[in-house]
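Could you put together the complete structure from these sequences and hints?
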Amino acid sequence: MGFDSNVSNIDKVNILIRTGIKAGRGLWKRLFLKKASGLLLVGRHVQVSHGKHISCGKNVKFEDYAEIHGLCLDGIILGDYVTISRGVMIRPSSYYGGDFGQGLVMGEHSSIGPYGYVGCSGKITIGKNVMFGPKCSLFAENHNFSDTEISIKSQGVNQKGINIEDECWIGSNVTILDGVTIGRGSVIGAGTLVTKNVPAGSIVMDKRNKLERSR
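Per the numbering used here, the very first residue in the sequence shown carries number 18; after that it's consecutive.
Simulated from the structure, these hints should not be mistaken for lab results.
Possibly wrong hints are sitting among the right ones.
Heads up, simulated DMTMM-like pairs for lysine to aspartate or glutamate below, C-alpha to C-alpha not over 25 angstroms straight-line [stated by the list, open to error]: (1) Lys75 / Asp183; (2) Lys177 / Asp116; (3) Lys46 / Glu84; (4) Lys152 / Glu125; (5) Lys39 / Asp81.
Okay, structure coming up:
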């Protein structure tokens, strides 16, 4: 672990102690996962359910209060050095076995920012070196509602999936809807609602509900 030169010795000791505690929790949690290739760091009050559907690479971090629900067709696959930050919820399926979803794949060195929501009932694929700011939401399904004679709830859902390619930066409070592909190296400004595909290398900002692209 490399420390910034401004970090004092006492702070280094504090960080190492807390990291050691997280590693200890990880030794326990990894017993219930399908696969964990290396060090697993687990914060306080982390909830992992249906762990036999969850695979982790090296040095994966689950921060405090994260919730990872593994029940899905393709599993939850997290690459090396992936970070699931504080309070993030990853939910592919109903907690009670209904609405069975597809799952999530995250490439190496990618991270979901604090208090994010990943609704991966449709397949969500996140590439390498992708950064999400706090409170981002991904919804990989839509409710059907074309029949006005019956309730929306009874019409079921459709799932196209979401694909976020390598090297993207997704700002805080961004919402990404089903069917969207965000091209490699794109930047999505804070607070943007993404409803359609974003070409590679784009900068997208939501100003008065109008998407503006540049780059």
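Each hint, compared with the structure:
1. With a C-alpha separation of about 19 angstroms, the suggested pairing of lysine 75 with aspartate 183 holds against the 25 angstroms cut-off.
2. About 15 angstroms separates the Cα atoms of lysine 177 and aspartate 116, which keeps this hinted pair within 25 angstroms; it holds.
3. As the CA atoms of lysine 46 and glutamate 84 are separated by approximately 13 angstroms, the hinted pair is consistent with the 25 angstroms bound.
4. Annotation: proposed proximity of lysine 152 to glutamate 125 holds, straight-line Cα distance about 21 angstroms (limit 25 angstroms).
5. The hinted pair formed by lysine 39 and aspartate 81 meets the criterion: a straight-line CA distance of about 10 angstroms does not exceed 25 angstroms.
In this structure, every one of the numbered hints holds.
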